[in-house]
Amino acid sequence: MIAETGLALLWLAAALSLLQLILGWAALRPGGEALLRIVRPVAVAQGLLVAFAFLALIWLFLQTDLSVKLVASNSHSAKPWLYKFAGAWGNHEGSMLLWVTVLAVAGAAVALFERRLRQDTLIATLAAQAAIGLGFYAFLIFASNPFERLPMVPIEGNGLNPLLQDPGLAFHPPTLYFGYVGISIAFSFAVGALITRDVGPAFARAMRPWILAAWIFLTIGITAGSYWAYYELGWGGWWFWDPVENASLMPWLAATALLHSVTVLATRAGLRAWTIMLAVVAFSMSMIGTFLVRSGILTSVHAFAVDPKRGTFILALLTLYIGGALLLFGLRVRHVKEGSTFEPVSREASLVINNLLLSVILALVFVGTLYPLVTQAFGFEISVGPPYFNLVTGPLALVLVLVMALGPILKWRRDRLHAVANRFAVPAVASALTLVALLVFAPHIGILPLFGLAIAPSVALASLAPLWGRNLRRTPLFTWGMVIAHFGIAVSLAGMAADSAFTQEKLVAARPGQVIEVSNFSVRFNGVEPVVGPNWTAVRAELQATRNGGSPFLLHPEARLFSSPVQDTSEAAIQTFWNGQLYAAIGQPDTAGRWQFRLWWKPFVTLIWFGGILIAFGGLLSLIGRLRREHRGKPVSETEAETAGNPEAKAATA
Amino acid sequence: MKKKHQRLTLLLIAIAAVLGAVLLAMWGLRGSASFFYAPEDIARQGRPEVNKAVRVGGMVRSIERLPDGVSVSFVIGDNSQHRIQARYTGITPELFQVNSGVIADGHFQADGTFVASNILAKHDENYMPPELTDRGMHKTDAVR
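Protein chains in written order, with the numbering used here: chain Y, 6 to 659; chain B, 4 to 147.
Chain B on its own, in the form it takes in the complex (with noise of 0.2 angstroms):
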């Protein structure tokens, strides 16, 4: 092979891979991407697809614990008087709970229930996760 030709070969071999990637990574993420709900855009755009991975995120306005000792039965509420009525199980993170932030990943049940299969746990008792301060609620809410 002559000089010219294996570096132009070699250019043109690594501008596929790039393009192979990006259109590798649309596809993934149309399929595979969850997109974020607040209660207030399930009232406004409807619940998603049932059994479409999605996340959700508000306050926790309140807290059940179901006899299996193991799950819970939550509420989840943030400035406009929408609620979403969730259950997960396994063990909550240390900084769930009540009036406190939570973002939640998982399904929607026929029923209008949130399944939630991760609960991410925050780090620090500031944080706030962008999604939530992004739509005015700050730490300040959980203290009202």
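With the rest of the complex left out, here is chain Y (with noise of 0.2 angstroms):
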């Protein structure tokens, strides 16, 4: 019964999204004035009925229901049960249920949290968002039904791809989703706006809050998602550009072009249309990751088993989406006013270059994730990897860092580019010092990491400086947010750049009792023990590690082989250094009774993810800090948050 009342569910929130649409858009008609009160309720239930339906897919794994064929060929009953839960997204019809599921529970936030924004505009975005609704509950309902029973119930299940059987499973996929779906706000918010033409500093200061949030679950989906891959595929990279990947990444990048622009829009009432069309285009990103993903039509080390048929479904809701938007930016485009003024040196000018970069780095990432789908459809067969989009992002990733370490130094419509100078002196001091330094004691790091390091301590002084001379606890809780996000940037950039400069690898085969030297660290091979898992047996080797002589501490890779599916994987063992990671992952053993192992000492390379981290806390901060302020009412006015500017730039001219 399960299984038949989620699949009810999931048609009575397609229907709802069907009449959401339809109300919304009799509601704008003349006299339809009387329809604006319904649109709200029916976006909440619609959120509810899905949220249901999703629940009713999680039980369905719970009880490990063999009948329901998602459950069968995905579960088995002797799984422990975070992995049962879990294993509710970790397969293709499940993550499009939770993907539909963030749809419709953010429509159902806005309909339920939204009160700034115009009438008609709340009930533009709400058909909106119905209308992507719609295509993809058709999508759900004929082409990936979550709850299709099995004619024959089988015995026993297949069992969950092991690879996906960590803990990482229960956290990343829904934070992504979060904010690769939740950018979809965004995208109904620009439709909405563009047909009750109101895009101003109003509706730029209501979007606000949503782009950022989405943006916080992208940042740290991103993040957890790359350490998940670090640890778990036992490669010890933590950046493979790999489709999947990129098809987070270009939403990221589109989302944090937006949360820039939109500031200029609120603050500032410039860049209108720019906005609008970014917040287009993040969704649209969004759509096309879901579609690469969900394809497989790219090589990809993610990529597992699907039914390429589904991918033509994607394609054709992507290009009716995508194009309906723009056309109807093509259309209403002469109607967004044009935006106030502003000199080349500024911080509105900054921001525009934050955005062009971002937009250039993203249409690099895009061009270079979907080319080979194009020689494809010409009949040769080409793969793109990391030498290109190391080659071609860096360099301007780094510009971009730079840009970002002046822009809040930077007063709004007008600065001196003397006056900026002298406050970026003590930051390029700092800069040139390291770059001195680093070309005397280590002349032979490749040339990114070389100025990643470089840059790193000027863009982490630099975005300090808006709290320099300011009474901090007077310092809106937003100026706190953007500091720390920045100086994450600088964190996670030293990260990136250390452990690019300095990773020390060694492989091996070994016998026991043999010592391996890797950077200071001697690791002395112990030998191998089985061990068994609640649904996989292992080998388990010992290494007992010292670090220049100091202290032995023991560190355990396995090798594990499951029994359902068949399939080995490898776990690899890390110990945490303030300065470091020691990585160790074991491989095979040959007949001369050695093991192959692979040791890294990676300097630094935490500081990546708490850079991530760093970032999406001052993205928080910043979302309570412009939350709270609204709430204590006082509604800025257009013309008062011009003249006035803002607390931001006054600081940074003290």
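Calculated from the structure, these hints are not laboratory results.
Here the structure is a predicted model, which means the values were calculated and not measured.
Keep in mind that the hints are not guaranteed to be accurate.
[Stated by the list, open to error] Chain Y regions said to be covered by chain B (calculated; three or more residues, Cβ under 8 angstroms):
#: 1; stretch: 292-300
#: 2; stretch: 339-347
#: 3; stretch: 381-387
#: 4; stretch: 393-402
#: 5; stretch: 517-527
#: 6; stretch: 599-608
[Claimed, not checked] Simulated restraints, written as ranges between beta carbons of each label pair:
#: 7; chain 1: Y; residue 1: Gly329; chain 2: B; residue 2: Gly34; range: 49 to 57 angstroms
#: 8; chain 1: B; residue 1: Arg64; chain 2: Y; residue 2: Val158; range: 36 to 44 angstroms
#: 9; chain 1: B; residue 1: Ile16; chain 2: Y; residue 2: Pro391; range: 23 to 31 angstroms
#: 10; chain 1: B; residue 1: Asp71; chain 2: Y; residue 2: Leu331; range: 26 to 34 angstroms
#: 11; chain 1: B; residue 1: Asp71; chain 2: Y; residue 2: Pro391; range: 22 to 30 angstroms
#: 12; chain 1: B; residue 1: Ala19; chain 2: Y; residue 2: Arg154; range: 55 to 63 angstroms
#: 13; chain 1: Y; residue 1: Gln509; chain 2: B; residue 2: Gly34; range: 22 to 30 angstroms
#: 14; chain 1: B; residue 1: Ser76; chain 2: Y; residue 2: Phe446; range: 34 to 42 angstroms
#: 15; chain 1: Y; residue 1: Val379; chain 2: B; residue 2: Arg64; range: 14 to 22 angstroms
#: 16; chain 1: B; residue 1: Arg64; chain 2: Y; residue 2: Ser568; range: 27 to 35 angstroms
#: 17; chain 1: Y; residue 1: Pro35; chain 2: B; residue 2: Thr12; range: 38 to 46 angstroms
#: 18; chain 1: Y; residue 1: Leu331; chain 2: B; residue 2: Gly34; range: 30 to 38 angstroms
[As the list claims (entries may be wrong)] Pairs of lysine to aspartate or glutamate residues, derived as DMTMM-like cross-links and limited to a Cα-Cα distance of at most 25 angstroms, are as follows:
#: 19; chain 1: Y; residue 1: Lys511; chain 2: Y; residue 2: Asp595
#: 20; chain 1: Y; residue 1: Lys74; chain 2: Y; residue 2: Glu161
#: 21; chain 1: Y; residue 1: Lys342; chain 2: Y; residue 2: Asp203
#: 22; chain 1: Y; residue 1: Lys314; chain 2: Y; residue 2: Glu348
#: 23; chain 1: B; residue 1: Lys55; chain 2: Y; residue 2: Asp595
#: 24; chain 1: Y; residue 1: Lys342; chain 2: Y; residue 2: Asp125
#: 25; chain 1: Y; residue 1: Lys74; chain 2: Y; residue 2: Asp125
#: 26; chain 1: Y; residue 1: Lys314; chain 2: Y; residue 2: Glu153
#: 27; chain 1: Y; residue 1: Lys511; chain 2: B; residue 2: Asp108
#: 28; chain 1: Y; residue 1: Lys314; chain 2: Y; residue 2: Glu237
#: 29; chain 1: Y; residue 1: Lys511; chain 2: B; residue 2: Asp71
#: 30; chain 1: Y; residue 1: Lys511; chain 2: B; residue 2: Glu67
For each residue, glycine too, the CB sits at the ideal point set by N, CA and C.
Bring the two chains, given one by one in their own frames, into a single complex with the hints.
Next comes the structure, spelled out in structure tokens:
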């Protein structure tokens, strides 16, 4: 019954989304005012229904109801409960249901909590959100039904892919989806504002917290995914420029640009058309990402066996939505008012450069990710990997980070070049000194890590500059948020550059008793022993390591064999120090009694994810700050915001 | 700056930036995208330039472990009679087995051996890279 109920809930939610679309359209027609009040409750009901459908699926997985096809092919009764639970979205149909759930719940949240947006724009926004939902409900019900029953109930399920049997599965996909799909709100806001011709600062202030919230989730999701791949795959890498990783990076780049342009629109009434365009692009990237991941059309380390016909369905949907939004944009852009002017040296100009660089990086990642598809259509196969992405995006990313450091210390509207140079003197000296030190003491590192390490200190210093000479207790929370997020970028950059520049690696086949040297560690291989887990058996190696002859510690990398499905995985052992990680992975044995080991010393690698957490935390502070300020009342009028300026700007000039 | 001028200037800058990005991408792709070769392609078109980054793929026909304990020498085949002799140093992915599909990045040496720098792991025993299914290699081939 649970499966049938789940499917019925899905159908009902789909029907409500159709109703929401029709009601929204009718309410905006002349004489439709009476309908305005009904749209919000419909959106909330739709969100609730699909959330219950999702709970039904989780329930089926927890019960291991093998009469349901999805459960039988992806779960197993002997699996730990956490993986039964998280396994609900560790497959195509379940993850698409999660996708749609996030979409509908985000729409319901807008219906419940959005109070600042003009009523007609809000209704148009909800109608747009319903239109997106409708297509994806159709995809779910007709092409990916998660509740399909099997004619014969199997005795046991196939089990979950062992690589996914990790606590990361419970956390990473939902977080990523909240960001990825949550950005649909920005898309619907943009469509709504185009329909009702309401593109202005008040609209931007209403949209900003929603973008921030989605962006925070996206940042956490990418950071968590990167760490998960790092320890679970056992390759010691944290970013592979894999199509699926790019699929999450592209919406993040667009959302980051949007987050900054919407600030210009909210405080200075500039970049109107551009902001709307970015909102459309950001969610388009999410949909294209979904297509790439779900169609299995590209060779990817993340690719799982999928049905190619589904790709065509998603492709049709995304053509419809992206095409529709762009058409609307083309028709309405001349009604969008011109933004306020600014000088080439100003906060706005730096944000324009930020947006341009982010867009260019986005375009480069986009072209690199989709190029193999284009060449495939012409009959020859090509792969695009890290050499391309590092080459074309790396230098631009460094420039972008420098502009990020400069931006917050510029005044709005106009600033003087020599004044800026004065403010940036201390950070610039810090960078120059670091560069000289690196060239003297570590002359052999690559050009990108070299400059990455050199600019990290100046960026860290400059990102703290907006706090300089201020009463810290009276500094608004959103300024703190910006400072912490920018500081996080510097921290992350330092981690990436340090890891790329100074990682040391050792690959050996060792006999028990043998000592392996890596960096200043001595690692003795004591031997292997068998261990048994809930649904796997493993060979566990014991490595006894000392650093510079200090006190020894143990590492236990494992090679696990899962019983259902039968598959080996490698569990890396990682020891964290304040200045880096010692990483050990075990490979296969040979006939001579040796085991393969791969050891890495990765200096300051943890800064990458620590920086990511800081970025997300900065976003969260900023979100709380914005919401609190607006909660306290005094709706800032458009002109007031423009003339009174912004406390951040004043502080920077002080 | 007048309002009209500002929007026009920004629009032109944005177009220039996107065009610049596309040109930069094309330049980057010319230098660093790698072509895919199955054994039959090499038989037909000849071997790619020595040391040029390429991707090869097919079915693993045999694997031999080398004395250093961390290198393998293996043979890639496909539905044709042709073979690629390949070598890899590192821990091989779990699903790298005889009669399973393989995709490897690397380059050819002057003696015709392919030196793999990276063997793409599969996340899923049923997964077949599109490069291989496009050429009529399926999971069932591995069983034969």
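Self-check item: Residues of the stretch 381-387 of chain Y with Cβ under 8 angstroms from chain B, three needed, outcome
Solution: holds (count 4)
* **8 angstroms C-beta test of the stretch 339-347 of chain Y against chain B, three or more residues** => Our answer is that it holds, as 4 residues pass the Cβ test (under 8 angstroms) against chain B, meeting three.
Go check the stretch 292-300 of chain Y versus chain B for me, would you? Three or more residues, Cβ under 8 angstroms, otherwise it fails. It is violated, with 0 qualifying residues against the three required.
Next pair to validate is Lys314 (chain Y) with Glu237 (chain Y); report whether the Cα-Cα distance is within 25 angstroms.
Not OK: Lys314 (chain Y) and Glu237 (chain Y) at ~30 angstroms, beyond 25 angstroms, violated.
* State whether the coverage of the stretch 517-527 of chain Y by chain B holds or is violated, taking the criterion as 3 or more residues with Cβ-Cβ distances under 8 angstroms. => violated (count 0)
- Go ahead and decide if the range 22 to 30 angstroms is satisfied by the Cβ distance of Gln509 (chain Y) to Gly34 (chain B). Given about 29 angstroms between the Cβ atoms, the range holds.
Should the hint that Val379 (chain Y) and Arg64 (chain B) are 14 to 22 angstroms apart at their CB atoms be regarded as holding? Because 32 angstroms falls outside the window, the suggested range is violated.
I want to verify a distance hint. Is the separation of the beta carbons of Arg64 (chain B) and Val158 (chain Y) within 36 to 44 angstroms? 40 angstroms Cβ-Cβ, so the 36 to 44 angstroms window holds.
Three-residue Cβ test at 8 angstroms for the coverage of the stretch 393-402 of chain Y by chain B
Answer holds; 3 residues pass the 8 angstroms Cβ test.
| query | When you check the alpha-carbon spacing of Lys342 (chain Y) and Asp125 (chain Y), does it fall within 25 angstroms? | reply | holds (19 angstroms)
Q: Apply the coverage criterion to the stretch 599-608 of chain Y and chain B: a residue qualifies when its Cβ sits closer than 8 angstroms to a Cβ of the chain, and three qualifying residues are needed.
A: Since three or more residues must qualify, the claim that chain B covers the stretch 599-608 of chain Y holds, with 3 doing so at under 8 angstroms.
Between the alpha carbons of Lys511 (chain Y) and Asp595 (chain Y), is the straight-line distance 25 angstroms or under? Status holds; Cα separation ~18 angstroms.
Hint violations for this structure: numbers 1, 5, 7, 10, 15, 22, 23, 25, 28, all remaining hints satisfied.
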